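Number of protein chains: 2
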Amino acid sequence: MDTKVKIDTLRKLMKDRGWDAAVISGGDPHSDEYVPERWQARKWLSGFTGSAGDIVVTYGHAGLWTDGRYFIQASKELEGSGIEIHKTRIPGAIGIPEWLGMEASKKPGFKIGIDGLTVNSHDALEIIKNISPHGGSIDDAPDFITEIWHDRPEYPQAGAGILADKYAGRTRSEKLSWLRGKISEAGCGAMLLSSLDEIAWLLNIRGGDIAYNPLLLSYMVVTENRCMLFTESCKFSGNDLETLCKDGIEILPYDSIDHEIVLRAKEGGKMLIDGQTLNYHLYGNILQSFGHERVCDSLSPVPLEKAVKNKTEIKGMKKAALMDGIALTKFFIWLNGQMKLVKKGKTLISEADAAEKLNELRKSTGALDESFATISAYGKNAALPHYSAIKGKCSYLEPKGLYLVDSGGQYPYGTTDITRTIPLGPTSKREKRDYTLVLKGMISLALSVFPHGTAGTNIDALARNPLWQHRLDFGHGTGHGVGHRLCVHEGPQAIRHNWIDCPILPGMITSDEPGLYIEGEYGIRHENLLLCKEAGKNSCGEWLCFETVTYTYIDTSSVHKSLLSKDEIKWLNRYNSMVYSKLHSFLDKDERKWLEKRCRPI
Amino acid sequence: MDTKVKIDTLRKLMKDRGWDAAVISGGDPHSDEYVPERWQARKWLSGFTGSAGDIVVTYGHAGLWTDGRYFIQASKELEGSGIEIHKTRIPGAIGIPEWLGMEASKKPGFKIGIDGLTVNSHDALEIIKNISPHGGSIDDAPDFITEIWHDRPEYPQAGAGILADKYAGRTRSEKLSWLRGKISEAGCGAMLLSSLDEIAWLLNIRGGDIAYNPLLLSYMVVTENRCMLFTESCKFSGNDLETLCKDGIEILPYDSIDHEIVLRAKEGGKMLIDGQTLNYHLYGNILQSFGHERVCDSLSPVPLEKAVKNKTEIKGMKKAALMDGIALTKFFIWLNGQMKLVKKGKTLISEADAAEKLNELRKSTGALDESFATISAYGKNAALPHYSAIKGKCSYLEPKGLYLVDSGGQYPYGTTDITRTIPLGPTSKREKRDYTLVLKGMISLALSVFPHGTAGTNIDALARNPLWQHRLDFGHGTGHGVGHRLCVHEGPQAIRHNWIDCPILPGMITSDEPGLYIEGEYGIRHENLLLCKEAGKNSCGEWLCFETVTYTYIDTSSVHKSLLSKDEIKWLNRYNSMVYSKLHSFLDKDERKWLEKRCRPI
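Going down the list, the sequences are from chains A and B.
Using our numbering, you'd call the opening residue of the first sequence number 33 and step up by one each time.
Using our numbering, you'd call the opening residue of the second sequence number 33 and step up by one each time.
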């Protein structure tokens, strides 16, 4: 079926159901960053492969709403499909709720079909807010797309297992007891959890249902004396099931969550939910079963508790960084050797080859998986915000200019995320200046000391200021939280220009990754992970600082030394020296010599 | 009457009116920073002279709610009064709304008497939110305090006048036409304004009803074709009345605003108000007269428009800074001479004497008034957050250590605010270090370049970072907006650690005033005003920067040069050189020589 036929089929379904419009979102029931194939209805319907966007179809119009990252890609992929692009995040943009509001104003009793499992409740309520003044309404139809998407993939079926206490540092019983305290503080008798990483962290379980993120497709309900995990028990081994059972975890079928909500409601008490992440279908069920007065919609306390790593988790994250450092060092040595061959015309190395090699080396140091798809970008490709090197279609590395590699690993004991920008040969004066300015920003944040209560937004400018002084900037956040053997992107803290209402707390691990992207020329990003630590107390307050927990040398051959302050030079030399002392015993003689040279003070 | 007797009298009044509690706020009907005597009921009732706090009296309790600035002062002033202190802005603090909520839960039909003129609507609604679930209610009783405060002062009666277009740069007709556009955009037929500085700015009028702030006690209603100013017409000269009349400004009695709201409501259309500043009495009247559906409670557009100065206003602000520079230079020369005499034991100079001298010199350069009460603080007094030197009770200056003077003037064409910290003789190593760190912070902000859309909160850390690196900080904002021949503190922009949702825009003038306060030892603050300007456009965005618009030398004798970067030294030398070149022609030969020496590069 081509897109036009699919849309016609969808319109027939709409007609049968009495809908004036249908929303096809790109989301899954758990607000995952990486959406399993089963829920990629947007891609199936339209052919658009971007990671953000929603489709609305009426009888007279079909539109894809997406943001600036995808304007060019979408216009290529949607050519001839009859789907029009609606640009979001631009001045004067009209979002889906407003657009549907206008449509609803034209026809009394306007009815919109939505798969409530694939839209979070806050987004659905925004639509309702816009259509209800005109008498419009939403019809929640879970999985309606299955009627027309005949070869729709099944639920992900990966196995799952227990994360040992020696890695988790805190037992599931301890975590559940903490959560029960929070549920009771909120005056509730139960809590429904639907965020997969919250569930995985609370129960010390890890799965493989989501790409890169070691998560298990599930819901969870916690009451004063019960803990129900809604998933398929066959995903676990018998031993793991026994362990979970001993800890009082009941496993119920994934699909029985709706029924359980109805049962819960009959038992009395209030239900705690987080409408920011909960899908609209379950939200609707809860509201109907419990009634407005018995639902407490509040920010889940789990993300903050999860973001503050315990000692064992920190130890694991540091060990992962060490293993990563070994893999990356070996990678850069390999790359260096390959570039010599390239120079002699004896081989060709593509961006995808390099990524593959790095992945291989990382696995040989114990990584179970990548923590996200490696960005391996040479020259002007590194200036593209979402570059992905595809074998056979990507660039070959040449012995000149800058190569950017942003990658990370999932180790049994922790998760990494690191970016290095490496000269493959001579670099221009401007490349050197920019390389140094970005480095200044990264170091400035790493060196920062700040009072308790400081949010990431408060210190974001420290990383940007060296660039700003040259009227340069980068269009992404400076830092995101990193999970422990979990999602490489996690909240609630972030270091960003827009306001993030969460302080940076001791134990949090956040990335420090300023960059600079010169279109058509080159891209630079330096990224380390920062562990927030206490830094003393005095009459001015309680102080916090960062410890860098990434152990991979920073290339100094492109550093423009006079642009660095004395403190920045000291930091850089100490950092590289620390890296050498941590890694050298894991390297052979030649590798050691190679690294020693690169870690020499400037 | 002593406080106890006054409270007994109040309780009698409460009984007569059937109230269970009465709230005595410290506010006036216009949310003014400096409250006229007529509305200082809190001071009259309790004897507490602080600038922040509210009193609640029930039959069993009398309490003053105030914050950390006043805990010590309040406990002294309230001794023996029977009024207890409730601490606010501390962890676990119970505010007035919550406290009244608890009281209301104990008695059905709990009734609270409030002078709605003295409480802004948002605060009153917060109380209602807390008491209404228990069946409690508010009784709005305007001016009820007059019944027991027999010698209550009258309304302020100062004269008012027109600010000439040559100073305002934009006529009142232009401003009103702009405002009418905004009212219409909001779908309203009229707007009620109650903020005195919004009214003064819109109509290009200035008054003298409020200390330091050249404002006129008034309300204002703007409709599509009428502009009504509610004040006493006898405050204006005949000429000014004629001018206002020609521009279509109708003057009605201050007290007739209530009646006018009722008339307005009968004419139909919606009313635009800003509940953040509007008092609860008028808010209640509007709600009753218009009905909920016909009231649009929204942030007033005036403060932002007012904060962005036009070319004429900027010219005036710069001229004021120049005159201020002359006054301050003469002041520091005088101080220098006096300290020589002090050293020889030939004279004594108190902090109050110094403030008086500065005020005198400022008047001789054309200032009409101070823009706030000068802070003249020597040695350890400068470490007190709200120090006020009282003649006969304050310290004498000695020829050693640091003297801090924070002051400003109201000139016909502009308003100033400046702080200098000056060594009166030898200073310690630590004083020099701290003097330099604070200076680094001030310079760092002055040198900042940032993209369009940046809020003050985003760049606040640039001023704090040099201190933070030494685990030092200051407990106040880094910068506030400054009005043009208006309030020295104005919004909506601010440079603060907490989030302020307003970008710094070209034309805004904001203070840059980091500080450091070492209790019992010394205090340091450096303050200049910064004009935000455009700084070019490129592929990374539209850039903004600051121009310093304060022209008074910065003493370099206490600078620890090696703590400053090359760029900071360059800024300092250029700044002092610029100050000299601007001021020298206004000084006599000796003064010039004195200043030239102090402006020499380091």
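Read the hints as simulated data drawn from the structure, not as lab findings.
Predicted, not measured: the structure shown is a model, and the values here were computed from it.
Some hints could be false.
Identical copies go unnamed one by one, so any copy, or any two together, can satisfy a pair.
Claimed, not checked - Listed below are the simulated BS3-like cross-link pairs for lysine-lysine, each with C-alpha atoms no more than 27 Å apart in a straight line:
no. : residue 1 : residue 2
1   : K425      : K139
2   : K161      : K214
3   : K138      : K47
4   : K432      : K143
5   : K351      : K389
6   : K36       : K343
7   : K629      : K161
8   : K119      : K278
9   : K139      : K423
10  : K412      : K207
If the cutoff is 27 Å on CA atoms, where do K432 and K143 land: within, between, both or neither? Let me know, please. neither (59 Å within a copy, 80 Å between copies)
For the identical chains here, do K139 and K423 meet the 27 Å Cα criterion within one copy, between copies, both, or neither? neither (50 Å within a copy, 76 Å between copies)
Alpha-carbon proximity between K161 and K214, which holds within one copy, between copies, both or neither at 27 Å: between (31 Å within a copy, 25 Å between copies)
Within, between, both or neither: K425, K139 at alpha-carbon 27 Å: neither (48 Å within a copy, 77 Å between copies)
Check K119 against K278 for me: Cα-Cα at most 27 Å, and say if that holds within a copy, between copies, both or neither. Intra 52 Å, inter 49 Å, cutoff 27 Å: neither.
Go through the copies and call it for K36 and K343: within, between, both or neither, with a Cα cutoff of 27 Å. neither (55 Å within a copy, 58 Å between copies)
Measure nothing new, just compare the shortest in-copy and cross-copy C-alpha distances for K138 and K47 to 27 Å and report within, between, both or neither. within (18 Å within a copy, 59 Å between copies)
Given identical chains, is K412 near K207, meaning Cα to Cα at most 27 Å, within a copy, between copies, both, or neither? neither (47 Å within a copy, 50 Å between copies)
Is it within a copy, between copies, both, or neither that the alpha carbon of K351 lies no farther than 27 Å from that of K389? So K351 and K389 pass the 27 Å test inside one copy only (21 Å; across, 67 Å).
Homomeric proximity label, K629 with K161: Cα distance no greater than 27 Å: For K629 and K161, neither the intra-copy (63 Å) nor the inter-copy (68 Å) Cα distance is at most 27 Å.
Checked against the numbered hints above, the structure breaks hints 1, 4, 6, 7, 8, 9, 10 and satisfies the rest.
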